[in-house]
Amino acid sequence: MQLVTGKKKPLVKRFAHAFRQDVGAWVLMLPSLILFIFFVWQPLVNGLILSLFETKGFDPVRFIGLQNFIDVVQESSFRAAVINTFKYTLWSLVLGFPLPILTAVMLNEVKRFKAFFRFTVYFPSIVPGVAAAILWSLIYHPTSGLLNSLLSVFGVDAIPWLQNQNLVIPCIVIMMTWKGFGSTAILYLASLQGVNQELYEAAMIDGAGVFRKFWNITLPSISGMFSLMLVMQIIGVFQVMYEPLTMTDGGPNNASISLMLTSYFYGFRFYQAGRAAAVGTITFLFLIGLTFLYFYLQRKNDN
Amino acid sequence: MKKVLSLVLALLMVLALAACSAPAESTPADDGGAAAQTPADDGGDAAEEPAAEGEPIEISVRGLPKETDTAGKQIMETRLATMKEKYPNVTVEVVDFPYDVNTFLPKAASGQLPTLYNTFFTEANKIISQGFALDITDLMNEWGYTDKVNPAYLELISRDGKIYGLPSSGYALGMWYNVEMFKAAGLVDENGNPTYPTNSTELAEMAVKIKEATGYKAYFFPTKNNQGGWMFTQLVWSFGGDMEQYDEENDTYTAIFNSQEAVDALQWLKDMRWKYDVVQDNILCDTTEAHKLFALDQIAMAQMAQDQLNNSVTNYNGDITHFGMGTIVPGDNGKGKSIGLLGGTFEVIAPNATAEQANACFQWMELEGTTPNLTEETLQSFADNAMVDQENGKLVGVLGLPAWTDPDYISQRKAAIEPYVTVDLELYKPYTDACENGTYELHAEPPVYCQEMYKILDSCVQAVLTDENADPQALLDKAAEDFQRDYLDKYNSGAEAQ
Amino acid sequence: MSEIVQSKFDKKKDAQAMGIISKFDMQNPSVKVLYGLIWFFLILAVLLCFVPPLWCMTSALKDSREFFSVPATIIPRSFHPEKLWETWEMLNFGQAYINTVIVLCGSLVMSLVCNGMMGYVLSRLRPRGYKLVLSLVLWTLMLPQSVSQVPLFKNFLSLPILGINITESYLPMWLLAGANAFYVLIFKSFFDSIPQSLIEAARLDGCTNLGIFFRVMLPLSKPVLMVIAIFTINASWSDFFWPYLVLGSRSELYTVMVKIFYMAGSSGYSEDIQVVALIFTIIPPTILFLFFQRYIMSGFTLSGIKG
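Protein chains in written order, with the working numbering: chain A, 1 to 303; chain B, 1 to 498; chain C, 1 to 307.
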C-alpha cells in the first residue's frame, strides 16, 4: 500500500515517511505484543524445553533428550488417548460443525421472535464450563438422570450413558456441542447479516428460488469463515480435557481418555512435569500440522 | 515460500526469547533445592537453642473450619488466643488447604504451601521425592515423638533414615455396613444385632437379600481417581494374593497382580455386578458417592476407613447411628485372609520453612493435639474436638488404629472423649477388637509407583463392572505386563530413581 | 462505495428485508413448508437449550430426600425456593460476585484495547515485520494450554524483567485477557472487511492514522466490539483455573467460579447445594446478555458493513 503511494516521492522522504508510519504502528501494537511475548509465547517455549528434561516439581533438573517422549509413547494408555482424541474430533465435526451454520441461517430467516431465538441458542454458551459438565453428568446419571428418567416413563430400560465404552465419547461431545454451538452460530449470524440485501433482490429479479439464493449467495458469503471456524473447532476439541475429567475421569477403562487428559494426569496426579510437557508437545505437533492445513486453505481461498 | 520463511523466523525469535529466559528459569530451581536443604541442616542447631523470645515468627497452618461450622470456628479462635498467650512472638494464620491432588503441585512449586499442611500416606512418595517436605528428624527427636509413633506409619514417611512428616491419624480399611438396611433384610441375630458377613460369598448373598428387601443394590465399589485400584489392592490381599514382589537378591520388583488370587478377586467383583447384580448403578465414581448413598440408606456395604462416614453426616445429613463397621471379609477362594490396608494422614512442614517456623509448627500441633505428647491442652482439645464432632453428629468413640501407640496415651484419649460418644460401640466391635488385639493383619500400600499402579487397575475394575464380557485374567495379564514394562522395569534398571 | 455509507443510515431498509426468504417467496407453498420446518427446528433448539438447566434448577429446589431419590422425579413434588437464600448466605456469594465483577471489568478493558489495537495494526497499518507477528498470533491459536501452564505460572510469580510477584491479585487474569489470539484474529478479519475506499476517503479529508482509527474504524466497529465484549465477559466469568491457582488461599478474593470449584471438590457440599450454586453462576451472565443483546443487535443492523 505505502509503496504504491510512495513511488512518486523521492527515495529518502519515502523511507522516512514509511519509517514514521511503521514506528507508530508498532507502538500501537506494543502493549498487546508484550503480553503475548511474556504470557503466551515464552511460557510455551519454556514448556517445550521442559519436555526434554527430567523434572523435580516443575523445575528441570537434568537433560534427558527424548527419554520422556519414549516413556510416554510406550505407555499403554497412550494409544487409547490418541485414538480417542481423533474420535472426539471426528464426532464433534459431525455434530458440531454444521449445526451452528444451520442455526445461523435459520435464525437469519425467521421473521418473528428473532431476539428470543437468538438468546436461547446463545444461552448454553453462557453456562460456565465447569457448571455445564456437572449439569450434564446429572443428566446422564444412570439412575437419577433426566435421560433415564424420561426413558423409564416410556418403559425403556435405563442406558448407562457415560459407563458404556462406545457411548461415552459421543455423550461428552453432545455436551460440548450443546455448550458451544450457540456462540459460533452468533458469529456466523453476524456475518450473514452483513450480506448485501441487494444481491438477494437482484437474484430474485433473475428468478432464483430460495435454494439457489442460499447456494449462490448465502453460503459463499460465510464460507470465508468456514476454514477458520473448522480449524478453531478441531484445535479446541483436540485439546479436550476438562469435560472428560469432570464427567468420567477418562473412564470407563480409558474409553474417554484424551491426549491432554493424559498430560494433565502426568502433570498434576503423578507430578511428572517432563512427561506432561512431552505429551503436550506431541499434541502441539499434531496441531502444527493442522495449522499448515489452515494456511493451505487460506491460500486456496485467497487465490 | 515467504510464508514458510516468516514462520521459521517466528520460531527462531521465540526460541531465542526462551533461550534467554531458560537459564533464569532453572536458577530459582536450584535455589529452591538448596533452600529446602539448608533449614533442614540448621534444624538441629535451632532445636537446641529455640527461637529467641520476641523474635517475630509467622506461620500459616492448614485446618480452617468451614464457613458453616460455627462450633469449629469458635474453638479455632480460642486456640489462636491460647497460642498468642503462650508464644507471643508467633503469628499463626489458619488457611483453607484441603489437600487436592490436582492443584498441589502448582502450589508447591510456587512456594504457596502453608508452613504446616497435611496429606495422606498415599501421597508420601511423590511429596518426599519431589522435595516438598522438610526433613524433620531432629525436631521429631527433640520433641520426643519418634519413639511414640506407630512404627508401621513411621516407615511410610521415612527415607534413608530421615523423617519427613509426623503421622497424625491412621486407619486400617474396614467394611462399613448400613445397619438399618441389614435389619430391614432380617440379617440380625436373636438379640436384634446385625450379623456381618464372614467371607466374600456370604457378603454377596447378604447383599442379594438386602437388595430383595430394600430395592437398592447393596454393595459399593469405587472406580475413579485411583480409588478403584486402591480398593482392588485390598481385595487382592483378602483373596490371598499380592501386588508387587520384591526380590532381595537382585533388588528388583515384579508385578504379580495377575496371579490366580488376584483373578479370583476380580472375578468375584465381576460376579457381584453381573451374577448377583448388587453393585451400585453409578459406576464411574469415587468414595464420595458412597458417603452420599450411605446417608440416603441406599447402600449397605463398602470398604472404607473408620472416619470416612463423617462425610455422610456433614455433607449429606446422614445419621451416624445407622452405621456399623467390621473387618474386611476374607475371600472365599480357599486362600482368603483377614487383612486390612493401612492408611492415614501425616503432617508435613513446607520445605522453605525456617527452623524457627518449623519449631513454631510443632508448638501449634502440640496445642492442637496432633502430637503424641499428652498435655493438659491436648487432652482439653481432644474433649473439645469430640464435643464439636458430637454437636455436628459425627462419629465419636472409634479410634481405629491410632498413629501413636503408647497404651497410656490411648486410654487417656479414650477417657477424654468418653462423654461425647455418639454411636453404639457394639456395632463397631468386630473392627475395633481386631485392630486392638492384633488379629487383623495390616498391610502398607505397595511400595513402588503405587498411584500409577492404581490408575492402571482403575481401568480393569471399570472394565469388569461395565462390560459383561470382560475377561479378568486377560485384563490383569495386560495390566501387569504394562505396569511391569512402563514402571517396574525402569525402576529396576535404575534408569529412573524414583 | 457510497451506498455503504448511505445504507448505514438507512436503518429501515435493513430492518425490513433480511435473509433469503422474501415475501415474494412465501407465496410458494413448498417455501411455506420450509419456513414451517425452520420454526419447528428452532423451537426444538429452544427446548434442547433450556430444558437441561431448567430441569436441574427445579431439581435443586426439591428437598434433599427427593433430590436423591431413585428413580428421579421429573416433575418435582416439593419446592423449596428458600434453599436459594440459604445457599447464598451460607457461602457468602455477595463478596464473590463483587470480586468477579472486578476481574471482569479489568479483563474487558484489556481485551478490547490490546487485542483491538493489535487487530487494527495487523489489518490496516501493516508495518514492516507485521507478517511475523501475524503468523505468531496464528500459531498461538494452536497452542495446547498445558504445555505453557507451568512456565506461565512462574512468570506470574516473578514478572519477567520486573521480578514482581503478582499472584494473590487479579492482575494475571487482566494481563491474560490482553493477549488472546482468537480475539485479535476476529478483530483483524473484521477490520479487513472494511472497504479500503472508506479509509482513502478519510485520508483525502486529511485524517491521520489515529484519526482514521477513531473517526472511521471505531464507529464502524461497534458490532465486533460487542461480540468480543460478550466473549470476554463470558470467558472471564467462567474461568476458574487461573483464579484458582493464582489467588491461592486468599479466600476473600475468590471469584464465583473458584467458590463453585471448591464446593464441587473435596471440601464436600451436598450435590443439591452444588446445583443451587450453579444457578448463581448462570443467572448473572444471562441477565447481562439480555441487556447486551439489544446493543449487539442494533450494532448489527446499524453497521454499514456488507459481506
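To be clear, the hints were calculated from the coordinates, so they are not data collected in a lab. A hint or two may mislead.
Below are the PhoX-like pairs computed for lysine-lysine, each with C-alpha atoms no more than 25 angstroms apart in a straight line [what the hints assert, rightly or not]:
1) B/LYS148 / B/LYS183
2) B/LYS107 / B/LYS86
3) B/LYS414 / B/LYS148
4) B/LYS84 / B/LYS66
5) B/LYS490 / A/LYS87
6) A/LYS87 / C/LYS32
7) B/LYS211 / B/LYS148
8) B/LYS211 / B/LYS162
9) B/LYS73 / B/LYS183
10) B/LYS66 / B/LYS107
11) B/LYS162 / B/LYS183
12) A/LYS111 / C/LYS131
13) B/LYS209 / A/LYS56
14) B/LYS337 / B/LYS429
15) C/LYS222 / A/LYS114
16) B/LYS209 / B/LYS66
17) B/LYS183 / B/LYS209
18) A/LYS300 / C/LYS23
19) B/LYS107 / B/LYS183
20) B/LYS209 / B/LYS162
21) B/LYS162 / A/LYS56
22) A/LYS300 / C/LYS131
23) C/LYS23 / A/LYS114
24) A/LYS114 / C/LYS131
25) B/LYS84 / B/LYS107
26) B/LYS84 / B/LYS73
27) A/LYS56 / B/LYS429
28) B/LYS335 / B/LYS478
29) B/LYS183 / B/LYS429
30) B/LYS478 / B/LYS490
Structure-based check of all given hints:
For the hint linking B/LYS148 to B/LYS183, the alpha-carbon distance of about 41 angstroms lies beyond 25 angstroms, and the restraint is violated. Simply put, B/LYS107 and B/LYS86 have alpha-carbon atoms about 31 angstroms apart, too far for the 25 angstroms limit, and the pair is violated. Using a Cα cut-off of 25 angstroms, the hinted pair B/LYS414 and B/LYS148 holds, with the two alpha carbons roughly 17 angstroms apart. For the suggested pair B/LYS84 and B/LYS66, the alpha carbons sit about 22 angstroms apart, so the restraint of at most 25 angstroms is met.
Simply put, B/LYS490 and A/LYS87 have alpha-carbon atoms about 32 angstroms apart, too far for the 25 angstroms limit, and the pair is violated. Between A/LYS87 and C/LYS32 the CA atoms are separated by roughly 39 angstroms; this puts the pair beyond 25 angstroms, and the hint is violated. The straight-line distance between the Cα atoms of B/LYS211 and B/LYS148 is roughly 46 angstroms, outside the 25 angstroms bound, and the hint therefore fails. With a CA separation close to 51 angstroms, the supplied pair B/LYS211 and B/LYS162 exceeds the 25 angstroms bound.
With a C-alpha separation of about 38 angstroms, the suggested pairing of B/LYS73 with B/LYS183 is violated against the 25 angstroms cut-off. Taking the CA atoms of B/LYS66 and B/LYS107, the gap is about 21 angstroms. The hint holds against a cut of 25 angstroms. With a C-alpha separation of about 50 angstroms, the suggested pair B/LYS162 and B/LYS183 falls outside the 25 angstroms cut-off, and the hint is violated. Restraint check for A/LYS111 and C/LYS131: the C-alpha separation of about 43 angstroms exceeds 25 angstroms, so the hint is violated.
Under the criterion of a C-alpha separation no larger than 25 angstroms, the hint pairing B/LYS209 with A/LYS56 is inconsistent with the structure, at around 52 angstroms. A threshold of 25 angstroms between alpha carbons decides the hint, and for B/LYS337 with B/LYS429 the separation of about 19 angstroms falls inside it, so the pair holds. Simply put, C/LYS222 and A/LYS114 have alpha-carbon atoms about 20 angstroms apart, close enough for the 25 angstroms limit, and the pair holds. Only pairs whose Cα atoms come within 25 angstroms are accepted, and B/LYS209 paired with B/LYS66 is rejected, the gap being roughly 40 angstroms.
With a C-alpha separation of about 11 angstroms, the suggested pairing of B/LYS183 with B/LYS209 holds against the 25 angstroms cut-off. A C-alpha spacing of about 37 angstroms is found between A/LYS300 and C/LYS23, which places the hinted pair above 25 angstroms, so the restraint is violated. Annotation: proposed proximity of B/LYS107 to B/LYS183 is violated, straight-line Cα distance about 48 angstroms (limit 25 angstroms). Distance hint between B/LYS209 and B/LYS162 is unfulfilled; the C-alpha atoms sit about 51 angstroms from each other, more than 25 angstroms.
Simply put, B/LYS162 and A/LYS56 have alpha-carbon atoms about 19 angstroms apart, close enough for the 25 angstroms limit, and the pair holds. Restraint check for A/LYS300 and C/LYS131: the C-alpha separation of about 18 angstroms stays at or below 25 angstroms, so the hint holds. This hinted pair checks out: C/LYS23 and A/LYS114 have alpha carbons roughly 17 angstroms apart, not beyond 25 angstroms. About 40 angstroms separates the Cα atoms of A/LYS114 and C/LYS131, which puts this hinted pair outside 25 angstroms; it is violated.
At roughly 28 angstroms between alpha-carbon atoms, B/LYS84 and B/LYS107 are farther apart than 25 angstroms, so this suggested pair is violated. Annotation: proposed proximity of B/LYS84 to B/LYS73 holds, straight-line Cα distance about 17 angstroms (limit 25 angstroms). Our distance criterion of 25 angstroms between C-alpha atoms is broken by A/LYS56 and B/LYS429, whose separation comes to about 45 angstroms. Taking the CA atoms of B/LYS335 and B/LYS478, the gap is about 24 angstroms. The hint holds against a cut of 25 angstroms.
For the suggested pair B/LYS183 and B/LYS429, the alpha carbons sit about 18 angstroms apart, so the restraint of at most 25 angstroms is met. Restraint check for B/LYS478 and B/LYS490: satisfied, since their Cα atoms lie roughly 17 angstroms apart, inside the 25 angstroms limit.
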